[in-house]
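Keeping their order, the protein sequence lines are chains X and S.
When the letters of the first sequence are read in order and numbered with our numbering, they come out as residues 9 to 196.
When the letters of the second sequence are read in order and numbered with our numbering, they come out as residues 16 to 344.
Calculated directly from the structure, the hints in this document are not laboratory data.
Just to be clear, a hint being listed does not mean it is correct.
Restraint-style ranges between C-beta atoms, simulated for each label pair [claimed, not checked]:
{"hint": "1", "chain 1": "X", "residue 1": "Phe47", "chain 2": "S", "residue 2": "Glu48", "range": "24 to 30 Å"}
{"hint": "2", "chain 1": "S", "residue 1": "Thr46", "chain 2": "X", "residue 2": "Gly152", "range": "35 to 41 Å"}
{"hint": "3", "chain 1": "X", "residue 1": "Glu193", "chain 2": "S", "residue 2": "Thr216", "range": "49 to 55 Å"}
Covered by chain S, per the in silico footprint, the following chain X stretches (three or more residues, Cβ under 8 Å) [as the list claims (entries may be wrong)]:
{"hint": "4", "segment": "73 to 87"}
{"hint": "5", "segment": "99 to 105"}
Even glycine gets a Cβ: it sits at the ideal position worked out from N, Cα and C.
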Amino acid sequence: MNGRARTPVEASTLGAPDVARIVDRMAHQIIENIAKIDFDAVLLGIPTRGVPLAHRLAERIRVFADVAVPVGSVDVTLHRDDLRLRGVRPLGETVEPEGGITGKTVILVDDVLFSGRTIRAGLDALADLGRPRAVQLAVLVDRGHRELPIRADYVGKNLPTSPRERVRVSLAETDGADAVSVVEEADA
Amino acid sequence: MSRHLLSAGDLSRDEAVAILDTAKRMHAIQTREVKKLPPLRGRTVVNLFFEDSTRTRSSFEIAGKWLSADVINVSAKGSSISKGESLRDTVLTVAALGVDALVVRHNASGAVQRIAGWVSCPVINAGDGTHEHPTQALLDAFTLRERLGDLSDRHVVIVGDITHSRVARSNVLLLATLGARVTLVGPPTLMPAGVATWGCTTSWDLDAVLSGKAAGDVDAVMMLRVQRERLGGGSAAGARDLGGQFVPTEREYAIGYGLSPARLDLLPDTAPILHPGPMNRGLEISSIAADSARSMVLDQVQSGVAVRMAVLYRMLAGAEHPVLDEEPA
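Use the sequences and the hints to build the structure in full.
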C-alpha cells in the first residue's frame, strides 16, 4: 500500500479492489458486532454515496452471515447547520427501512468522515424517524479534522489529510467506477 | 432562485424543476409522524391577506410552521386597513416588525408587485386580482407530474373563465416553461383580449376538445372556479345569478362548460381532473366528476403544502439572505 502522499496526488489512493476488500472487512466487523444483538440492526445510508455503500454492506452481510439487514436512507440536508452560510441545496431521499428504526440498532453509513457536522445533522434527522436503541457509524474513509465530538465505529480506511485537501470517493453506482483519491481543493 | 416569487413566468425551467423536485421530498415528509423540520428556525413569515382565503393561507401557514418558521397571519378584516390606512403604510408597518418574508394576496392585479418594490424582504405572490397565482401553478404542475411524469408534450386543457382567472394565467406560463401544450376552453365572453398571443390553442367547444377531436388527445383537464365575485352577480338578483354580463345564467354555463358525467366519459380513463377549489358543485363540475377516482382535488391541496414548503425553503433557508453572525469555519 502506498503511504499517504504529502503532496496532492491525482492518482487514486485506493482502487476498486481496495474498496471491495475494505467493504468486505467492514461487513465482517459489523456482523461480529450485531451478532450479539441477534442482528436486530438496520443500515441507513446518508445521500449521496452513503446509500450505495449501505446497500453494498447489506449485500456482503447477507453473503457472509446469511442474514438480511434492512437498508434505508436518511437525508440530512434540512438539519445542516451551514444552510445559511453556504446556501440551500437539493434534498436527497429519505427511505425508512422495512420495520422502521424504533428499538433497532441503527448503523449510519457515509463515505467520508470529516468535520462530523453531517453526522451531527444525521443524528437529528434520525430523531424525526423514531427512537433507535443505539446508533453506530460506519464510514469508508476517515480523513480527520473533526469539529465535533463524533467518532466512527467502523472505519474502512484512515486517510490523514491536510485541511486544504479534498477526499473524493467515487462509486460504481454513482460515478461509474470505485476509487478514492486525494486532491487539492481549488481555493482553500 | 430570484428574490421574489411574483409570477410563474419568472421561473426558468431549471428553477421550476428544482422547486418541484424539492417539493417531492417535502411531500414524503408529510406522511411522517413528526413533520417539523428545522431549516427556517428563527425566521418570521407574515401572511398578509387583503382578500379572503382559506386554503392558500392555511397552506402557507402549515408549510412555514413545518419548516420551523414563525408564521403570523394579518388579514384585512380587523386590521388597520379597515381603519383607512393606505396599502403602503400597512405594508411598511408590517415589514418594520422585522419579518423575513411576506406572503401577499390582494384583490388588485399588480398590487403584490408594487409591494415587492417597497420592502427589503422577499415577497411571495399568493394571488393578485385576476393576474397571477404562481404557487397554485406550481402545485398543479406537481400534481400533474405525480400522475403523468414529465410534462413535455403533455396536453392540458383549462376550462372556464379564463379572463378573470389568475390560476389560468400562472398555469399557462408555467406549463409552457415545462414544455406542456395547453388548450384554453371557455365561452367567448370569458376569453381575454389578446389570448391569441399566449401561445395556447383556444376553443369554445368543450365537447370537441375533451373528445380529442379539436386539439388532440387530452392528458389532463383543469376546471376553473366560476368566480361570482368577479362576474358581478349575486348582489341584487340573488346568488344563483351570474350578473348576465358575461354569462346569461348559471344553468347555461353548466350546460356549455360544466364537467358533466357525459363529458367525463369523453375523457381518457387515465386523464386526471384538477380544480383549484373551492368547487361549485353542479356548476363548473358535477359531483360525479368531483368525487371520481380521477379527481385530484385533495391531492392538489396536499401538494400545495409540499410546494409551498419547497418555495419557502429555497427562498429563505439559504445564504442569499444576509448572514451577520458567521460561525467559525
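Against the structure, the hints come out as follows:
1. Phe47(X) to Glu48(S): 24 to 30 Å: holds, 26 Å
2. Thr46(S) to Gly152(X): 35 to 41 Å: holds, 39 Å
3. Glu193(X) to Thr216(S): 49 to 55 Å: For Glu193(X) and Thr216(S) the Cβ distance comes to about 53 Å; the hint holds.
4. 73 to 87: Holds, because 3 residues of the segment 73 to 87 of chain X bring their Cβ atoms closer than 8 Å to Cβ atoms of chain S.
5. 99 to 105: The restraint on the segment 99 to 105 of chain X holds, since 4 of its residues have a Cβ under 8 Å from chain S and three suffice.
Hint violations for this structure: none, all hints satisfied.
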